[in-house]
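Residue numbers (this note's numbering), protein chains in the order written: chain A, 1 to 320; chain B, 1 to 427.
Note that these hints are calculated values from the structure, not bench results.
The C-beta atom is built at its ideal place from N, Cα and C for all residues, glycine as well.
Errors might be hidden in some of the hints.
Here are the simulated distance ranges between beta carbons [stated by the list, open to error]: (1) B:Glu393 / A:Ala320: 34 to 42 Å; (2) B:Arg405 / A:Arg65: 56 to 64 Å; (3) B:Gly271 / A:Gly52: 31 to 39 Å; (4) A:Gly189 / B:Ala131: 53 to 61 Å; (5) B:Pro185 / A:Ala320: 36 to 44 Å.
Given next are the chains, with one letter for each unit.
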Amino acid sequence: MTRAAFSYEFPHRHLISVADLNPVDISLIFERAEHWRAVNKTTRRSSDALQGMTVLNLFFEASTRTQGSFEMAAKRLGADVVNFAIAQSSAKKGESLSDTARNLAAMQPDILVVRHGATGAPSFLADRTDLSVVNAGDGMHQHPTQGLLDVFTMNRHWGSVGGRRVLIVGDILHSRVARSNIGLLSMLGADIRVCAPPTLLPADIDQWGVEVFTDLDEAISDCDAVMALRQQKERMAGGFVPSGREFFHLFGLSHERIARAKPDVLVMHPGPMNRGTEIHSQLADDPKHSVIMEQVENGVAVRMAILELIGTNLRKEDAA
Amino acid sequence: MSASFAITNARLIDPASDHDAPGGVLVEDGLIAQVGDDIDLTGADEVIDAGGKVLAPALIDLRCAKEAALTPDGETLPSLAASAAAGGFGSIVLAPNASAPLDKADGFAGMSRGFAHYPVRIYSAAGATRALAGTEMSELGLMARGGAVYAGHGDHTISDSKTLRRVMSYASQFDLWLALRPADPALSQGTVATESDWSSRFGLPAEPTISERIAIDRDASIAALTGGKLMIDRVSTREGLSAIRQARKRDLEIAATCAIAHMTLNEVDAGALDSAFRIDPPLRLEDDRRALVEAVADGEIDAIVSDHRPTPFDDKGEPFALAIAGTLSLETLLGALLGLVHEGELTLLQALRPLTCGPADLLGLPQGRLRAGAPADLVLIDGDKPWVCDPAEFRSPRGNSAWSRRRFSGQVTQTFVDGRRIHNYNA
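Could you put together the complete structure from these sequences and hints?
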């Protein structure tokens, strides 16, 4: 269906959680992402969609990839981009987040791209300023653009994720990527499995509409896609898991382990990878299965789509 | 106010004697001279017609806090006392906390004497260990002599069991309750929510409710070993209540308090991650809230506490997980509690017992009852008067309230201490 067929406009001025989206919103994002993906393949990538607007990247947690991806997306759309990195090392910094928010808002940016260590910080900022807020990761809660680019990548291979079996393996407990993916995939009708040692599974995950496994061989059977999550090194040292190598032997992805999955299984990873902890180096680099670099490429296109759709709504508000 | 006055035509609620009937009181020289439906008005200089309103003993709060002296815009003793009087309290106890550990004997007696300048009776508890660090005992004996009414330990328990054993044993010679928050330190450290479907979807660091059970089991075992008096400082879960019942089967001195927040709110209230609902212990599940209300009805809870905790807006100016815990509650406690009475979950006697004779009996105080000879600490309550909570109208200079914009039925109209009127809503 095209947009005109049901004359529905993307209604959001924020992207805080995948729970804010419905399947039509998602298809609108993907339709525009497909467009920008094609444009990004050419040498004429600049657009004036966000001309005159300022996108403020506000990162309270260090990030190279996500921040770079958002910056590239905003610049290709013609926006001015300002990066603010605010070290959040000490619990008690000089200024409260609401004061920081008010100060930044006074500088009149249009879209705030926020990453913060605490659940709820992006919606907190959206409540306290009149800026559009795009969540680039909040605590262990949500990382909606990552979830969208993952599903976009799967969609491009399959047409639709409905009815496909997708396995997420690794540290689900601390993962905002897993929470965003589970939200989107269940909304779109995928058959979701998760696999992790019990110490890395959230409480009550059995109520999330996913199948829970602790045995990777069992979990991986007949999967269409398998997504490894990044394992934090400090959690692999006896606290949650005895060692990185034990984790690799039990939960790491390798050619051997994916043999039980579908023959054309997609191997995914949100990055940055720890080769030899959650994924075998050779599998990560195997173009037959690994779509990890496609995910990175699609990330820019999906973020362009989101910034463009939100920017269009801001222009409408401005005109009204 | 006259030396002798009477309040007539009231609905007398005296939980100490299980009395709920029409009547009045005669007050002479700060003491209750007569109670009942047949009081002699001939000697009264003034007669107040209560018009059918509820007349009960003024409320007693075992746990509240002010801010450090000289805090800009902070809650001071005068503002705290005014909030208490407006909330119907005649007596409040300052409990130790991290910023005011109340752990120094120097000046303790002087501080207690200074409380006499305020219209509300103010008492102080003592911090049981130095700086509440849980390692070295503070001078409990000297502070008890200086007026400390119990020993407390703020939001964190004494994690080292050997230290706890010694503190409890030492405190027992002064007949002091040792109040401990029931939370297993390792399970609860760094958490901001209760482990549940809700908190795990939001990825919030959360504690399982058995943390409370484990702590109560341990603390009660140490009370049994030492013969000390253990006050469970804010039970908040069904698990915790079950551990208290278990402990009470033994011949131990165990008291339990709970905070008004956990009786009237649950985690769903914080559903939109509003920092106003960041409270310690964290808000629980509806099942826990119901269990607490049932425990109050059954008389298992000795005292309901306000756990009134003023914080600057800046500290609540952070997202939920980073916000400083605490809510103001002295001025809203009664309104929130009467909601449970209107809903039929509690009777007035059940609701007010843990705010009057319950805490008074724990501390051995003469007030908290309508009895001839008791101090005339009284509260008049218009049980049906509707009002909306607006923190801008609080006596407190702070505004962090989990009940902001709630609708209540039931308001304090007058509060008396020693027969002196310390709050008059209509004035």
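Taking the hints in turn, this is what the structure says about them:
1. At roughly 37 Å, the beta carbons of glutamate 393 of chain B and alanine 320 of chain A sit within the given window of 34 to 42 Å.
2. Restraint check, arginine 405 of chain B to arginine 65 of chain A: a C-beta distance of roughly 42 Å breaks the suggested window 56 to 64 Å.
3. As the Cβ distance of glycine 271 of chain B to glycine 52 of chain A is approximately 38 Å, the hint placing it in 31 to 39 Å holds.
4. The supplied range of 53 to 61 Å is met by glycine 189 of chain A and alanine 131 of chain B, whose beta-carbon atoms lie about 57 Å from each other.
5. In this structure the hint that proline 185 of chain B and alanine 320 of chain A lie 36 to 44 Å apart at CB is violated, the actual value being about 55 Å.
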